[in-house]
Amino acid sequence: MIPPMKQSSVQKIAIEGLWENNPIFKQVLGICSTLAVTNLVLNTIVMCVALVFTTALSSATVSLLRSYTPRNVRMMVETLIIAFYVIIVDIALKAYWPQMSTSLGPYVGLIITNCIVMGRCEAYGISKPPAGAFWDGFFNGLGYSYILLIIATIREILGMGTFMGIAVPYFSSAYWDKWIIMVMPPGAFFMLGLVVWFFRTIQPRKEEKAK
Amino acid sequence: MNVGMELWQALVVCISAIFTQNILLSYFLGLCSFIGVSKQLKTAAGLGAAVVFVMTATCAINWLAYYYILVPLHLEFFRFILFIIIIAAFVQFIEMVIDRYSPVLYQNLGVFLPLITVNCAILGAVLFMLVREYSFIVSIGYGFGSGLGWFLAIMAMAGIRERLANERIPRGLQGPGITLFIAGLMALAFMGFTGVLQGT
Chain A
1 MIPPMKQSSV QKIAIEGLWE NNPIFKQVLG ICSTLAVTNL VLNTIVMCVA
51 LVFTTALSSA TVSLLRSYTP RNVRMMVETL IIAFYVIIVD IALKAYWPQM
101 STSLGPYVGL IITNCIVMGR CEAYGISKPP AGAFWDGFFN GLGYSYILLI
151 IATIREILGM GTFMGIAVPY FSSAYWDKWI IMVMPPGAFF MLGLVVWFFR
201 TIQPRKEEKA K
Chain B
1 MNVGMELWQA LVVCISAIFT QNILLSYFLG LCSFIGVSKQ LKTAAGLGAA
51 VVFVMTATCA INWLAYYYIL VPLHLEFFRF ILFIIIIAAF VQFIEMVIDR
101 YSPVLYQNLG VFLPLITVNC AILGAVLFML VREYSFIVSI GYGFGSGLGW
151 FLAIMAMAGI RERLANERIP RGLQGPGITL FIAGLMALAF MGFTGVLQGT
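Listed in order, the protein sequences are those of chains A and B. First residue of the first sequence: 1, per the working numbering; consecutive thereafter. First residue of the second sequence: 1, per the working numbering; consecutive thereafter.
Mixed in with the good hints there might be a few duds.
With a straight-line Cα cutoff of 30 angstroms, these simulated DSS-like cross-link-like pairs (lysine-lysine) come out [as the list claims (entries may be wrong)]:
1. Lys39(B) with Lys26(A)
2. Lys26(A) with Lys42(B)
3. Lys26(A) with Lys128(A)
Derived by calculation from the structure, the hints in this document are not laboratory data.
Please construct the entire structure, taking both the sequences and the accompanying hints into account.
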């Protein structure tokens, strides 16, 4: 389904999405719907898979339809395309994993308004060919996911002493006073703040590089 | 349930949406525009006011659309698309009305309206309203309270960020980083309201 592309250009898109222009610490977009589920690693993985799926396919679809889309209604068209894929995810989850579907609640539906999906469609899909748009969406989704997984892992271990529901030695024992605050909303804000701080510090600035 | 009881429940839900279950600080919704538009008090106030208005109205409209159109037709799975269309159409409509009748208001509020369509807090409030099976009156109270809670949070943040503009902040922490830390502190403060309302 995806036409082949030159190795080098896929590589460039990958670096761009995973590191140079990472959706979380560089663009700071689309945190809303996913940050809420980062208190459990398993929920985060499911949300991230759903997000990668939606971003990649909707960006590719937008790109396929780009010559038929009038400019002034393109936002509406993009939203509908995104909503279409999110509904697929939602129904699939309800059918095959009802338990996960209830525990994620309305957050699956909120992927529609996740800024990163729309952001990639606007920034890449609307003006470039479908194969590139697919990879761009895919790697941006991945770049987004690994940061959130870092956050989720730390939050779950410190806050509950478990990793994907399995007890972690030491952190689940009586020696470790569980940081309840980590699984509550403020913990998510602090962790995300720390992660953004860390990655922005180790990532050299564009202007410095150019010199 | 009689009307008096419902009004009382709407009030309780409204207050809890503002303080104990703030849509931004405990559900992380509307975070993108919260970080992007909280640099100045004036713009924050404009966006906040627009959110309060749109959220109250769309909660009401979407409640009617869901229970009177989708449920009788058994098209519940279609809800995401319908809600998004209703929100976008409503925002567009309001923009036209304001532009026509109040140029002053349009200048202050108009630029923020298109931003709202993609504000996840609006769709989020609508989806939460359905999950919790609120009645019509309670839904309006919930929409209004959520909007007001968001307004309160972004105003507080803008006030703090205006003061921060002259402080020396480490490079990696500038902008979004420090905003997230402050949001964390605010979330901690708002957690103090937990337990103020019984039975919500």
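Non-conforming hints, listed in increasing numerical order: none
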